[in-house]
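S.K.: Sequence:
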Amino acid sequence: MKVIKKLLKITGIIVGILFSSITIAYFIYDKPLPESKQIEGADRLAEKMLSAINSEMYEKTRFLEWSFSGGKHKYKWDKKRGRVLISWDDYKVNLNLNKPSKSSATDNGLKVTSKSLDDLIKTAQKYFNNDSFWLVAPFKVFDKGTMRSIVLLENGSEGLMVTYESGGTTPGDTYLWKLKANGFPESFQMWVKIIPIGGLEATWDDWKIMENGLLLPASHKIGSMTLNMGNVKAYN
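Start counting the sequence shown at 11; every next residue gets the next number (this note's numbering).
Careful: at least some of the hints might be erroneous.
Listed below are the simulated DSBU-like cross-link pairs for lysine-lysine, each with C-alpha atoms no more than 35 angstroms apart in a straight line [as the list claims (entries may be wrong)]:
no., residue 1, residue 2
1, K70, K89
2, K136, K70
3, K84, K70
4, K188, K84
5, K121, K90
6, K58, K41
7, K58, K86
8, K109, K150
9, K102, K125
10, K109, K243
11, K109, K70
For each label pair, taking beta carbons as the anchor points, the in silico distance ranges come out as [what the hints assert, rightly or not]:
no., residue 1, residue 2, range
12, K58, S126, 41 to 49 angstroms
13, G51, P110, 32 to 40 angstroms
14, G80, G51, 36 to 44 angstroms
15, E211, G80, 15 to 23 angstroms
16, E211, N64, 20 to 28 angstroms
17, S167, G92, 35 to 43 angstroms
18, N192, D99, 36 to 44 angstroms
19, L95, K218, 19 to 27 angstroms
Treat the hints as calculated values from the structure; they're not laboratory data. Please read all numbers here as calculations on a predicted model, not as lab measurements. Ideal Cβ placement from N, Cα and C applies to all residues, glycine included.
Could you put together the complete structure from these sequences and hints?
M.R.: Following this line, the structure appears as structure tokens:
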């Protein structure tokens with residue numbers, strides 16, 4: 011009995027420390043959404059960023075491959091057909107982006123049907139929406155349902171704020187892009203539903219040139235955490 015009480019006491023202390031750490035982190039790092047101006051200059055700044063990263067090559071690229079979540083989620087995206095082969099655990103989902111209900115899936119090589127298929131399709135959509143964003147977010151600043159505006163940054167430069175008012179898994183998410191003088195993206199700050207701390211910053215400075223000339227990120231850093239994009243490929 012004494013051992014159980016001691017374990018409960020230790021558990022309580024650990025939980026208390028974790029809660030305190032999270033609370034402290036929230037007050038230290040949480041930032042309010044900055045004021046912005048909805049002016050024509052925002053679209054020009056967005057176009058400058060797209061030009062810097064050669065968005066025309068992205069439009070011409072048919073296939074993209076990468077992984078996410080420590081390599082647990084693997085992707086092969088056929089942009090031309092609107093299909094994505096997504097693998098995780100023992101599942102493989104051939105996701106139809108235009109008509110999700112037409113998607114198919116296997117579990118350990120066996121075809122999945124009925125309610126289980128619906129659940130897998132929804133999971134695949136959620137994974138794809140999140141994981142592909144970390145690969146191609148700069149190319150999505152003019153997506154349907156986006157609103158662009160300009161924020162004056164502390165260093166006097168202009169930041170590009172993009173809000174996704176519709177679409178995706180979590181509409182309403184906002185990102186503030188910080189750009190080099192030539193428009194090349196260096197990082198963004200996030201105000202998103204899945205992260206309780208507003209304004210966390212993620213780097214976009216580890217770019218690699220693909221075999222077809224397209225520039226794509228190999229990794230991102232959020233504080234001390236690294237998000238690795240795996241073996242990124244782009245080809246036709």
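S.K.: Go through the numbered hints given earlier and state which of them the structure violates, listing their numbers in rising order.
M.R.: Result: no hint breaks.
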